[in-house]
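Listed here are the chains, written in short residue letters.
2 protein chains.
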Amino acid sequence: MDLRGVSLIAGGEAAKAGAEFRAINPATGSAIDPPFFSATEDDVDRAARAAYDAFLLWRKRSARERARLLRTIADGLDAAMPELVARAQMETALPEARLQGETKRTSGQCRMFADVIEEGSWVGARIDTALPDRKPLPRPDIRSMLQPIGPVAVFGASNFPLAYSVAGGDTASALAAGNSVIVKAHPAHPGTSEIVARIIIQSIRDTGAPEGVFSMLYDQGFAVGQALVQHPLVRAVGFTGSRNGGRALMDLAAQRPEPIPCFAEMGSTNPVFILSGALKQQGNRLASGLFGSFTLGAGQFCTKPGMVFVPEQQETSPLLAELCRLTGESAAFTLLTPGIAANYTRSLQARSEESGLAMQQARPSAGTCAVSAALLETEIDAFLDHPEWSQEVFGPTSLVIRYQQRDAMLRAAEELEGHLTATVWGTEADLAEYADLIAILERKAGRLIFNGFPTGLEVSDAIIHGGPYPACSDSRFTAVGSRAILRFARPVCYQGFPEASLPGELRNANPLRILRMINGSTTRDTING
Amino acid sequence: MDLRGVSLIAGGEAAKAGAEFRAINPATGSAIDPPFFSATEDDVDRAARAAYDAFLLWRKRSARERARLLRTIADGLDAAMPELVARAQMETALPEARLQGETKRTSGQCRMFADVIEEGSWVGARIDTALPDRKPLPRPDIRSMLQPIGPVAVFGASNFPLAYSVAGGDTASALAAGNSVIVKAHPAHPGTSEIVARIIIQSIRDTGAPEGVFSMLYDQGFAVGQALVQHPLVRAVGFTGSRNGGRALMDLAAQRPEPIPCFAEMGSTNPVFILSGALKQQGNRLASGLFGSFTLGAGQFCTKPGMVFVPEQQETSPLLAELCRLTGESAAFTLLTPGIAANYTRSLQARSEESGLAMQQARPSAGTCAVSAALLETEIDAFLDHPEWSQEVFGPTSLVIRYQQRDAMLRAAEELEGHLTATVWGTEADLAEYADLIAILERKAGRLIFNGFPTGLEVSDAIIHGGPYPACSDSRFTAVGSRAILRFARPVCYQGFPEASLPGELRNANPLRILRMINGSTTRDTING
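In order, the protein sequences belong to chains A and B. Sequential numbering from 2 applies to the first sequence in the working numbering. Sequential numbering from 2 applies to the second sequence in the working numbering.
It is worth saying that the hints were derived from the structure and are not from the lab. From the three backbone atoms N, C-alpha and C, an ideal C-beta is built for every residue, glycine too. Heads up, some of the hints might be wrong.
[To be verified] Reference listing, derived: stretches of chain A covered by chain B, where coverage requires no fewer than 3 residues with Cβ under 8 Å from a Cβ of chain B:
id	segment
1	138-147
2	175-182
3	291-302
[Said to hold, decoys possible] Among chain B residues calculated to face chain A with C-beta under 10 Å, some are:
id	residue
4	ARG99
5	GLY102
6	GLY246
7	ALA440
8	ALA446
9	ILE450
10	GLY467
11	PHE478
12	ARG488
The following block holds chain A by itself, in its conformation from the complex (with noise of 0.2 Å):
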């Protein structure tokens, strides 16, 4: 494909107006060709106003058409698979089989989208029929579905330029609801971002759907962004990043004269607690798993495990001996951008030189993003006193808290802030005893682990990839899995509709066969009229 550098707009291109801006690959530090061209506040408005009169005819589209463009991206990604993995591996560097996973996982979410809405009882459908006879008063007949939000405002990922990116899960589910997208694409992947915006605009004409469903936006900066979230016409937000960007963004959409729901996942520190009886009977045979969990993808999924609580025992030494070891001996981990490696150096500087945390660390490595493992080391009473060193640090890090009382273990459960997950290791005697842990970690996170790992995340119909703030911002929806289109919907209830007026969620011979609760009692049936 060859590439053209500007923004996407209902199926056309925007003028190279904006500041001009290319890719870094990580591997070299070098600019990668061609040069990308930020967008307007013109750009923005143009979007949101393509993306509105979109959705006004996309939200009317059956089910079924709206899958068929799903799958039509879907297979689109998989048949440009060589030429996306390659661009990303540029741009990124991340390595070819996680790219050709993520790819997969990218189409996957697509079809995943395409047969929620396909089977269709995704909506909620709610019926109370009427009672004219009831007394003091009749009950009107009430009916009620979920419905799409409007367009929806879609931030690109860093750390999944496809998975979490242009059409990652915020897109699918967002479209798949019947709502159109603007995507600010993530400027360290500009080209990986045009390749896929561009297999979306071709299936929609493929497939017939309006074109002002979907844009793509540029931005070296945060102007676009930033716009588009305050405009009028954006009515919902979908973002994966940092906690300040995040953050940045929730604010905006609150302080709106009309204020939207801003989906932020804003990644966590993701707890593991190792307990006695899985430390006995585990040994330092635990090292390599937590290793290669820190590790993963250079440390830069969000949920990497940042902090591990070690009880103090026999086995203790052997362990952190044995992750001293891997940690020390590994090769060098190339980061997505320089900002990224700028951080993660500056970060752990502050903790081993400031706060004088113990550090194994293999030899620092040259190049731009290239960066070395690092294992910081405390006891539970300084981490105590030190609430900022549970803060993420975004890399292959990660921070052993040895405990010795029970007690402050459980403090410092309880003094968490939100995280996307946590992960305990224990047999089935240590669950016994700790279930005041369990209790404490499930107020504390969207998924609790047991003696697994926290990243390789399933994207099914009962995973939670959410959490209290400020994993999240909002810790009743999930950004991963089925129940994500939840999000970009509401309820709409008919009251006193004649049949042919509702929608076919809604009718009484239930045409599309979805499971709906009618009187209390759920089920497929129809309503004899």
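Once you have looked at the hints, place chain B on chain A.
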């Protein structure tokens, strides 16, 4: 019951430390005994701490135990009906029959949420069983369900002294989900609030619930409510009231270091669209229904129709003449508070005198809270030039907007803000001709009503009482009906947990026999371990 006039914190009485105030009898304008005392900042903190501690216990109580508390409260409300109605009548001047009905609605809501949690499927349990042989990677066992969020601050509404006040829908749904509640009582009905609060406290004692699960704080001003929403241990907000009040709380909730969900239902103007065929068919029979709807409860319902679009045709003048007659001949209405009455008078003055809108009004009556109904009238072109006329005026008034052109009416519909309801009067032929009007209103309101009136809200499974801002802070939720419980719950996911450590809802044997989504299929089945 001997009213004590103090805030009630976790079953105990607060000191008479804060500013003193009394309820006003709107019918006489005179203060009612006894005096009530505003809570202090320290009271807020004590209530929040007690609510948090109680939450830790309450969230682990079985649905059956939580339901028992709700049913005990319901029985207590029913038993206290005469006393409740007598006091509420003094404090609100609402008619006896209305307050009796509202008491039943309030106890009915408590029982509805008890039913919802005893049935249990509301938690939306989902289970993806392990696929150990899946390639390239095995799938772990993943299970998720809704759980409570934490202490909820509930703001009593002036216009529903029972159903959306101390034991109203917010309190009942929050407690049902397993949250604790701190009510900020509305200062217009403090005595009614105390009676209800004591019923709740007694019910807590009788059923062995933790005492801190409920507290109620008084304040004649705003400081207590602001402190509640800003308290770090408070995790969600439920509010019914004015747009200014709701927006102020939304902003406080969003500006916290740790933002929390704030569900504010802020009322609306509830447009009514009369279409040509219906007007022809119904003629001035529509007048009594409309007049009844906009003056019901002295026009103090959130769903009062405050804008009525009427086509210019033969039947228009007779309809308006009849509406004018009903309005002009109506007896005085007593509003809830002197403040509401002053606001009503001021708003009408602005519209009739300053804006020059045609106004029909019965002779103004004497008395602090006594007002007369008013019918305002304008042409659609003037209306389109004055978007401020679409703002809610709380009280027995409505604005008739005459339209000739279909286009102008559709433009007015398109320019509507968010509303709780939108009503259409039409024949089936009208509906077919105005499908585009319905498509607009679906984007503007939470509930669409056909050939009915918006007042008279059913409390049921399918009902939605919400809608786009400014009707509501978050259109994805409803304040009324069984779905209201979803405001105060968040999904928690368990990965790889042994059966014994899972909540009952997620265990293989499905001991609660709830509906669950298992590997994509919704069923009440067990899982064969």
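Tested hints:
{"no.": "1", "hint": "138-147", "in the structure": "holds (count 6)"}
{"no.": "2", "hint": "175-182", "in the structure": "violated (count 0)"}
{"no.": "3", "hint": "291-302", "in the structure": "violated (count 0)"}
{"no.": "4", "hint": "ARG99", "in the structure": "violated (12 Å)"}
{"no.": "5", "hint": "GLY102", "in the structure": "holds (8 Å)"}
{"no.": "6", "hint": "GLY246", "in the structure": "violated (15 Å)"}
{"no.": "7", "hint": "ALA440", "in the structure": "holds (7 Å)"}
{"no.": "8", "hint": "ALA446", "in the structure": "holds (8 Å)"}
{"no.": "9", "hint": "ILE450", "in the structure": "holds (4 Å)"}
{"no.": "10", "hint": "GLY467", "in the structure": "holds (7 Å)"}
{"no.": "11", "hint": "PHE478", "in the structure": "holds (8 Å)"}
{"no.": "12", "hint": "ARG488", "in the structure": "holds (8 Å)"}
Hint check: violations occur at hints 2, 3, 4, 6; the rest are consistent with the structure.
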